[in-house]
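Undergrad: Single-letter residue listing:
Number of protein chains: 2
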Amino acid sequence: MQKPQVLDLADKGVKIVATDLAGSEEELKKALTGIEVVISTIYGGSVTAEISLINAAKAVGVQRYVPCFFATVAPPTGALRLRELKEETFNHIKKIKLPYTIIDVGWWYQVNLPRLPSGRIDYAVMETSDGIAVDGNVPVAFTDMRDIGLYTARIIVDPRTLNRMVFAYNEVLTFNQMYDVAERVPAEEIEAQVREMEAKDPAPDSVDFITLTHRQYWNSCCVRGDNTPENAQYLGYLLAKDLYPEFAGITLETYCREVLEGKGKKVYEHIQDLPSIKAANKGLH
Amino acid sequence: MQKPQVLDLADKGVKIVATDLAGSEEELKKALTGIEVVISTIYGGSVTAEISLINAAKAVGVQRYVPCFFATVAPPTGALRLRELKEETFNHIKKIKLPYTIIDVGWWYQVNLPRLPSGRIDYAVMETSDGIAVDGNVPVAFTDMRDIGLYTARIIVDPRTLNRMVFAYNEVLTFNQMYDVAERVPAEEIEAQVREMEAKDPAPDSVDFITLTHRQYWNSCCVRGDNTPENAQYLGYLLAKDLYPEFAGITLETYCREVLEGKGKKVYEHIQDLPSIKAANKGLH
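Chains as they are written, first to last, in the UniProt record's numbering: chain A, 1 to 285; chain B, 1 to 285.
In short, the hints are calculated from the structure, not lab data.
Do not rely on the hints blindly, as some may be mistaken.
The list treats identical chains as interchangeable, and a pair is accepted whether it falls inside one copy or across any two copies.
Claimed, not checked - Subject to a maximum C-alpha distance of 25 Å in a straight line, what follows is the list of computed DMTMM-like cross-link-like pairs (lysine to aspartate or glutamate): (1) K58 to D158; (2) K263 to E25; (3) K97 to E191; (4) K265 to E26; (5) K95 to E25; (6) K95 to E198; (7) K58 to E230.
Isolated chain A, as found in the complex (with noise of 0.2 Å):
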């Protein structure tokens, strides 16, 4: 409640409610009664945690719930433990007839940024955030995370996606491309640390979690290919640029050069000043 974030909200007359997705089903059916659209925007690791949520939507008739996805396009299972988790929450949705608009928006710029050996950009680096994955040739589709409310806004009251997935992003880059406009750096091997990671089966809200999540990222973007918007329609997806052609969305080339100029701004802050995600990087390099 006391975030800047929240303050800024409420500032500009959004109501602000804090309620507990593991309290009682009263306090949130109470909490969501005359709402048309629920929004999830928790922790990926923490998304089964919305099944509540999800339950209280129902219950009082909520019009359209859109789950915390948000990210990049992935089958099912077998790609990414997060998507898997994911899909638990939409599967459940689906068995109480909920209607539901799921979104994903690619891989985030903010979380793509490379580091690059001046260091001169560090202060914008995600903290797991280290090397390219593979041979960088892959065609990825990526978009600024300042642009996801956008699109969301566009989506929730178009009848098109209703009871449907969209996929929005602003480009469909390779690494080697993206890179071009910042600086290359140096491949590694993903899929071990994959297998590696996956082997300690860490539970959703560790160190080794996140760092999992980020390696299966690589591999299922950059490895397998699996985040292009063709794959995405074969999967089931609309395309937010079929629905929306007259939305521009900020370009890499923009994002970079903020960044360059020392206007970026680190993501998943809360992360990277714990001490333990210090120390569990450090022992991947």
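For chain A, the structure is supplied; the task is to place chain B on it using the hints.
TA: Quick look at chain B alone, frame taken from chain A:
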């Protein structure tokens, strides 16, 4: 190879090739080389044995793979254990990016004939059939199994159905409407039976699994109301009635008239003759 239906196909000039799903992948690849469309009609409880066929189909470049669904619409998890097995194969298809079409056809007339007090149509009633579920007022989509091939022939050459789920059905009726055509039989306690059978966690090739499946179909179709065109669209299916408005399937009334005239035919004859099925079934009455 010696089944009358197989010999019948061979007589029509269809090339018959026997192969072993648990055998060498090279053999499977050889059998599938040059094949454009693969349609699996394996026993439902054995669908995960399709994985080797799916992998071979991908390896030789099959252009469309139709896994063995051909049943009712249901959510991916939580309603039908059989559906969950099918979703496992579907997820594997999506993981390896094999072009697919899912075809569901609702509930077959042939497995839903009531056991009449008079015994007049027992010759055509499936051995595990007995009673109707709950109040009989939930809409259920039905299809004559003899139409499944006709739907499939249209669907597999249709570019609109590539990488989509299609729901083909002949009529939407409640069980009460259905038994007004024939004769009413009493309702039963479904959910307790489902829980009881689920607790046994039966293997897919067991008699208990078949009984569990039948009770879960009742629960899914007649209690939850999963098997309707509206729910199919909610879950992402195309409707065959939209795609092929000119195709008129066999009506339930026509089918029932045939059965009452003695022209029906029992399904799952290999199952009904197993003494273990008869014994297990007796235990439930």
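Undergrad: Each hint needs a verdict: does it hold in this structure or not?
TA: Hint by hint, here is what the structure shows:
1. For the identical chains of this complex, K58 and D158 are intra-copy neighbours only, at 20 Å inside a copy versus 36 Å across copies, given an alpha-carbon limit of 25 Å.
2. Within a single copy, K263 and E25 get their C-alpha atoms no closer than 43 Å, and across copies no closer than 55 Å, so neither meets the 25 Å cut-off.
3. In this homomeric assembly, K97 and E191 come within 25 Å of each other (Cα to Cα) only across copies, at 19 Å, whereas the closest approach inside a single copy is 37 Å.
4. Taking CA atoms no more than 25 Å apart as the test, K265 paired with E26 passes in neither setting, with 39 Å inside one copy and 53 Å between copies.
5. Only within a single protomer do K95 and E25 lie at most 25 Å apart by alpha-carbon distance; the minimum there is 18 Å, versus 36 Å between protomers.
6. In this assembly of identical chains, the alpha carbons of K95 and E198 lie at most 25 Å apart only when taken from different copies (17 Å versus 29 Å within one copy).
7. In this assembly of identical chains, the alpha carbons of K58 and E230 lie at most 25 Å apart only when taken from different copies (17 Å versus 33 Å within one copy).
Hints 2 and 4 from the earlier list are contradicted by this structure; the remaining hints agree with it.
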